[in-house]
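As they're listed, the protein sequences go chains A and B. Quick note, this note's numbering runs 5 ahead of the 1-based positions in the first sequence. Quick note, this note's numbering runs 236 ahead of the 1-based positions in the second sequence.
Honestly, the hints are just simulated from the structure, not real lab data. One thing to keep in mind: the hints can contain errors.
As the list claims (entries may be wrong) - Lysine-lysine pairs mimicking DSS-like chemistry, simulated, CA-CA at most 27 Å apart: (1) A/K15 x A/K417; (2) B/K274 x A/K417; (3) B/K335 x A/K371; (4) A/K527 x A/K15.
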Amino acid sequence: MELCDLPAHKIAEMVRSKQISAEEALDSALRRIDQVEGRPGSLDPGPARPDDAEKVHAFITISAELARQQARAVDRRVAAGEDPGPLAGVPVTIKDLFAVQGLPCTAASRMLSNFIPPYTATPVERLIQAGALVLGKVNLDEFAYGSSSESSAFQPFPRNPWDTSRTTGGSSGGSAASVASGECHLSIGTDTGGSVRQPAAFCGVVGVKPTYGRVSRYGTIAFSSSLDCPGPLARNVHDAALMLSVIAGADPRDATSSARPVPDYPARLGEGVRGLRIGISPDYFRITIPDHDINEIQHQAIGAEIEQAVLRAAGRLAELGADIVEDVPLPHTQYGIPTYFVISRVEAASNLHRYDGVNFGHRTSKEVEDLHELYRRSRAEGFGLQPKLRILMGMYVSAAQYSEQYYNRALKVRTLIRRDFEAAFDSQGPYRLDALLTPTTTTTAFPVSGNMHEDSVLMQYADQFTVTANHAGIPGLSIPAGFDSAGLPIGIQLLGPDFSEERLFQIGHAYETVTRDDEWRKARPKVLR
Amino acid sequence: MTQEINEELFEHLVLLAALQLEPDEARYLRGELNRQLKAVDTLRAIPLDPEVPTAAHGVSYTPQTSQPARGDLWEPYPDPRRLLELAPETQDGYFVVPKTPHTEI
């Protein structure tokens, strides 16, 4: 086993205790990148190459030199007897939606292809302060608008390390792929409707959507400001907990960041699940699918392999002493995506207005008659199809004559979704749940360039089990729970009340521990076989 | 009944959005907008009590958990040259921006 395959907390321990140097940890990750990455995403990729379809393509920018400087600094601190931080020498990747001073920050869009931020996002700054090594910026759907990472303006798009004919999911697809393939130990993504948890599930890694406000959004390019949550991707729950303990906490630069103290998440991982009440809801075993042929929304049962993975996990947790509470009603789950179609688009359109070629973003080089034409040409050239679609939808549903019918109604349904969870978690109510156990996704990773690619409605419904947590603001944790018959990872999700991340980590860790010797735990991503 | 975005309304939206679209882009985007509206239309089926409040965010903010307001303080950036390097056009340490149309009152 290579160093890059070890857990992040082990690497940090080994660096801190001088068993290895940070540079050795870095070299191992760089060798893995050489082995599996292929060419990074670029605006002008040229024709497809023979091995493109077999590589991971997680990165847009590889910052090996920056990581080298950081590794040497960590090693100097260790040698001097100073505390090098809890993530000493751990190679990490950064979704290319976070500002890192001196590195391009593209949001996977032509609009920001030349943007080099003069400052660093708060969660990234905290990773660096904790001794992490920034290996580079990883690919995503353009402006995080998608669930497959294929809509990036930087091609080739990332591919799933377990089967490169499948998508990584998205929008944090580069993050999930880089963690799953061992190119890094940790990555930071953003989750607006499921963009950390869904790719984590597709790529067989752990993904965390923290409570809204738990992690500062300062320096994160905004998608939907009331829904966006930066969060960790890792290969095990301990590493995810460690990373969240580093990046979480109040930030004077983000007024929505919470002042609540941050627990030492790894410290109480082993407390177990005895006596915890873990709910299962029929509303998370029923899929809603738009059927364009008959112009109707259809409902059907979730696939048996995913259902069984969730029920098996519930059984294992019950063996450990958890009380499994069945038939918990969450009736507004089915409205999560339609509500998201409205709220996220209104907020996205608002956030995208700043990219006009003058204040921010690409400016056309063509001759223009006046400022208005400069705006139109710059935005037409800079934005891909998905940003344009979100701008138009957001403007339509928030227009004065339609806002009562669409936007205000969606905001009220958001209240109902929140109330569903409040009832389930109410300590005086009939269910009194500590957590809810659900599938993370409706399917395992779907094929690249398939029918999902251009169908924005079908693509959005891929997030139907994750998006409700974003509406409600509550935390969610996706963890691997086996494979389907095609060898693709299955993810299960734990949802809890506001700021219950510590409890979710305990449950996830208990499940990991009890399944540690299961046969499926021995599987390795195809790109490493 | 879903309201459909017809070509005329679509062109108006494109203008408001400060976009220019190629014909094939316009066809795709209008089609997707109408499909999304069809999905959004399912929200009409929910019986909504007029007393249900809107939720602009999921997690409640209390004075105990919220950040205090930040002081409105001017902080000079340590190296303005870095900022100027990002601009498409500069002159004598200033950003050059396109001429802004205006109307004499």
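Hint by hint, here is what the structure shows:
Using a Cα cut-off of 27 Å, the hinted pair A/K15 and A/K417 is violated, with the two alpha carbons roughly 46 Å apart. Simply put, B/K274 and A/K417 have alpha-carbon atoms about 19 Å apart, close enough for the 27 Å limit, and the pair holds. Straight-line distance between C-alpha atoms of B/K335 and A/K371 comes to about 15 Å, which keeps the hinted pair within the 27 Å bound. Note on A/K527 and A/K15: the hinted pairing holds, with a Cα-Cα distance of about 19 Å set against a maximum of 27 Å.
When held up to the earlier numbered hints, the structure conflicts with hint 1 and nothing else.
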